[in-house]
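Working from the sequences, and respecting the hints, build out all of it.
Residue numbers (numbering that gives the first Met the number 0), protein chains in the order written: chain C, 0 to 312; chain H, 0 to 267.
It should be emphasised that the hints constitute simulated quantities derived from the structure, not laboratory data.
Each hint should be verified, as a subset may be incorrect.
Said to hold, decoys possible - With beta-carbon atoms standing in for the labels, derived distance ranges:
(1) H:GLY172 <-> C:HIS88: 17 to 23 Å
(2) H:SER32 <-> C:ARG80: 47 to 53 Å
(3) C:VAL76 <-> H:LYS267: 20 to 26 Å
(4) H:TRP207 <-> C:SER13: 35 to 41 Å
(5) H:TRP207 <-> C:PRO43: 57 to 63 Å
(6) H:LEU116 <-> C:ASP34: 57 to 63 Å
Unchecked claim - Far from chain H, by Cβ distances over 10 Å, these chain C residues were calculated:
(7) GLU114
(8) LYS141
(9) GLU202
(10) SER219
(11) GLY239
(12) THR242
(13) GLU243
(14) THR258
(15) PRO275
Every residue, glycine too, gets a C-beta built ideally from N, C-alpha and C.
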Amino acid sequence: MSAIRTEALTKHFSVGFWRRRPYVALDALTLDVPDGEVFGFLGPNGAGKTTTLKLLMQLIHPTSGRAEILGRPAGDVGVRRRVGYLPEHPYFYDYLTAEELLEYFAALFGYAGAERRRRASSLLDEVGIGAERRFQLRKFSKGMIQRVGIAQALVNEPDLVVFDEPMSGLDPVGRREIREMILRLRDRGCTVFFSSHVLSDAEALCNRVAILAGGRLVTSGSLADMLAFQLRGWELVVTGLTTEALEHARGLGRITKATLLGGDRYALELPLSTPPDRILADLTAHGAQLGSLNPVRETLEDFFMRQVAAVKR
Amino acid sequence: MRALVIVAVNVFREAVRDRVLYILVAFAVLLISVSFLLGQLTAGQDVKIIKDLGLAAIATFGLLIAVFIGIGLVWKEVERKSIYSLLSKPIRRYEFILGKYAGLALTLFVNVAVMTLAFYAVLAFLNTRFPAPMRAAWPAPATDPGMLLAIALIFVELLLVTAIALFFSTFSGPFLSAALTLGLWVIGSFNADLRNFEAVLQSPAAGWIARGLYYVLPNFAAFDVKAQVVHALPVPPAYVLTTAVYGVVYIALLLTASVLVFDRRDFK
Ligand SMILES: Nc1ncnc2c1ncn2[C@@H]1O[C@H](COP(=O)(O)OP(=O)(O)OP(=O)(O)O)[C@@H](O)[C@H]1O
Ligand SMILES: [Mg+2]
Numbered sequence: 000m001s002a003i004r005t006e007a008l009t010k011h012f013s014v015g016f017w018r019r020r021p022y023v024a025l026d027a028l029t030l031d032v033p034d035g036e037v038f039g040f041l042g043p044n045g046a047g048k049t050t051t052l053k054l055l056m057q058l059i060h061p062t063s064g065r066a067e068i069l070g071r072p073a074g075d076v077g078v079r080r081r082v083g084y085l086p087e088h089p090y091f092y093d094y095l096t097a098e099e100l101l102e103y104f105a106a107l108f109g110y111a112g113a114e115r116r117r118r119a120s121s122l123l124d125e126v127g128i129g130a131e132r133r134f135q136l137r138k139f140s141k142g143m144i145q146r147v148g149i150a151q152a153l154v155n156e157p158d159l160v161v162f163d164e165p166m167s168g169l170d171p172v173g174r175r176e177i178r179e180m181i182l183r184l185r186d187r188g189c190t191v192f193f194s195s196h197v198l199s200d201a202e203a204l205c206n207r208v209a210i211l212a213g214g215r216l217v218t219s220g221s222l223a224d225m226l227a228f229q230l231r232g233w234e235l236v237v238t239g240l241t242t243e244a245l246e247h248a249r250g251l252g253r254i255t256k257a258t259l260l261g262g263d264r265y266a267l268e269l270p271l272s273t274p275p276d277r278i279l280a281d282l283t284a285h286g287a288q289l290g291s292l293n294p295v296r297e298t299l300e301d302f303f304m305r306q307v308a309a310v311k312r
Numbered sequence: 000m001r002a003l004v005i006v007a008v009n010v011f012r013e014a015v016r017d018r019v020l021y022i023l024v025a026f027a028v029l030l031i032s033v034s035f036l037l038g039q040l041t042a043g044q045d046v047k048i049i050k051d052l053g054l055a056a057i058a059t060f061g062l063l064i065a066v067f068i069g070i071g072l073v074w075k076e077v078e079r080k081s082i083y084s085l086l087s088k089p090i091r092r093y094e095f096i097l098g099k100y101a102g103l104a105l106t107l108f109v110n111v112a113v114m115t116l117a118f119y120a121v122l123a124f125l126n127t128r129f130p131a132p133m134r135a136a137w138p139a140p141a142t143d144p145g146m147l148l149a150i151a152l153i154f155v156e157l158l159l160v161t162a163i164a165l166f167f168s169t170f171s172g173p174f175l176s177a178a179l180t181l182g183l184w185v186i187g188s189f190n191a192d193l194r195n196f197e198a199v200l201q202s203p204a205a206g207w208i209a210r211g212l213y214y215v216l217p218n219f220a221a222f223d224v225k226a227q228v229v230h231a232l233p234v235p236p237a238y239v240l241t242t243a244v245y246g247v248v249y250i251a252l253l254l255t256a257s258v259l260v261f262d263r264r265d266f267k
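In structure tokens:
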């Protein structure tokens with residue numbers, strides 16, 4: 000089953016003061032987020048990520064297209080019992096304490112008093128809010144608010160969480176804690192759908208990603224598939240390489256870059272055009288010895304840059 | 000329904016934590032007390048002036064609370080985006096709107112009750128200060144329970160003002176909402192003049208417009224029976240009932256409109 004499914008989901012905003020004209024923030028997004036996975040929703044600023052997430056939570060209405068959450072139309076109140084949402088740059092009632100806020104939201108799910116308090120306190124423990132939980136939220140720092148935001152999204156033990164930039168405003172320790180929490184959620188069977196432009200987070204967490212740019216879906220699929228065959232070249236470490244042999248191989252375009260590591264150890268970058276074993280055979284014939292040979296794969300960042308650049312063109 | 004009550008209680012809690020409210024109520028109580036001094040100056044000739052001032056204070060401060068909390072009820076949540084996480088919980092948009100309204104209605108009820116208690120306390124104290132013959136000359140006893148009728152209608156009026164403020168705040172900012180709400184209140188309080196206008200106007204079309212406005216705009220003047228109760232003139236129960244029903248129907252229409260507008264809104 001799909002946790003989230005959208006079909007040609009489109010959102011136009013009207014812009015302009017005198018002459019209103021439509022601005023396409025999201026253009027026919029068709030997306031399928033499988034159950035039980037961590038799904039990264041990536042894209043540069045203004046790509047339409049937040050717009051999509053708000054459409055899923057029915058905070059804005061689609062111009063056309065459909066969205067389904069856990070098999071029900073988005074906006075179905077019943078399905079919200081099973082969903083948690085962290086808005087972008089969250090803000091909460093500043094006259095409430097963190098505890099009161101979580102109890103307030105827990106009450107909306109129908110939990111009784113003692114259960115509300117238990118949930119509030121265990122979630123605040125989990126996101127690392129200590130004695131400050133008795134402060135009014137107006138006294139909270141940005142990162143602390145973000146943590147409270149994550150806690151409030153989990154108050155109903157959801158089957159699906161939708162996080163809009165969960166790592167935003169967090170310190171390195173906080174980021175790691177939230178990463179671990181996301182993996183715990185996944186292990187519990189909860190689907191995690193999060194938007195981000197921090198690619199290392201996506202790389203560390205996701206089974207699947209979708210890349211959005213300019214309101215359009217650029218690509219989506221399993222992260223492993225996307226990156227597996229994106230071989231960029233090889234890195235070869237050799238010792239005992241003579242300068243003549245190096246220059247010769249360079250002249251043939253078989254070495255794109257050579258870095259002296261110390262002594263007579265070189266790190267060589269080999270292009271994809273020639274099989275690396277042939278180059279290696281050539282070099283060893285000239286007296287070099289193999290240190291190591293490793294494939295150089297594209298990182299998510301390279302992949303992302305390339306995909307986004309293709310859209311811009 | 001549960002969500003509605005939870006939202007309402009939170010509105011009340013916010014109001015209780017807001018210092019502005021205390022300042023307003025303290026000011027109203029102070030004014031009622033000052034009216035007591037004025038009563039002393041007129042040497043108890045008439046308790047009317049105190050009643051006049053007290054009822055006016057309740058109406059005016061109630062109005063201020065209704066308008067200035069009312070315009071922020073929805074607008075503040077949208078502007079500060081606290082509504083994003085709230086509406087992603089199992090709550091329908093109409094429950095949110097009606098909960099907000101109910102919360103302010105509860106806040107107003109408590110405030111009007113506090114001001115009424117202060118008002119009657121002052122009057123009761125006054126009663127002990129004047130000899131019986133002087134009291135006999137008053138048209139009505141100091142702590143005349145008939146004034147509760149006027150206060151009840153003031154309360155219905157405040158509920159109507161709140162509904163107007165809430166309606167405007169579902170689609171406009173606080174300044175515009177405040178201006179529109181207060182504007183309607185002023186026009187609605189002098190509504191009767193619109194009707195008389197008709198007689199003065201030459202063109203029949205302008206007459207129709209004036210009459211149309213008279214029926215469409217809220218008739219706040221109808222809720223004002225302060226002068227009658229102060230002078231101990233009878234206020235027919237049928238009149239009170241009709242006026243209250245008029246208020247409730249008007250409120251229901253406004254809340255329906257608010258829900259319809261709010262349901263279609265995009266939060267961005
Ligand atoms: N209320 C609005 N009115 C007009 N245009 C809007 C509105 N909200 C968003 N947009 C436009 O829609 C596009 C997508 O915005 P969105 O907030 O979804 O981007 P995003 O992918 O979340 O970006 P970021 O990474 O910066 O958060 C942007 O170009 C933005 O200018
Ligand atoms: Mg965004």
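Here is what the structure says about each hint:
no.	hint	verdict
1	H:GLY172 <-> C:HIS88: 17 to 23 Å	holds, 20 Å
2	H:SER32 <-> C:ARG80: 47 to 53 Å	holds, 52 Å
3	C:VAL76 <-> H:LYS267: 20 to 26 Å	holds, 22 Å
4	H:TRP207 <-> C:SER13: 35 to 41 Å	holds, 36 Å
5	H:TRP207 <-> C:PRO43: 57 to 63 Å	holds, 59 Å
6	H:LEU116 <-> C:ASP34: 57 to 63 Å	holds, 59 Å
7	GLU114	holds, 15 Å
8	LYS141	holds, 14 Å
9	GLU202	holds, 28 Å
10	SER219	holds, 24 Å
11	GLY239	holds, 63 Å
12	THR242	holds, 63 Å
13	GLU243	holds, 66 Å
14	THR258	holds, 50 Å
15	PRO275	holds, 52 Å
Hint compliance for this structure: every hint is met.
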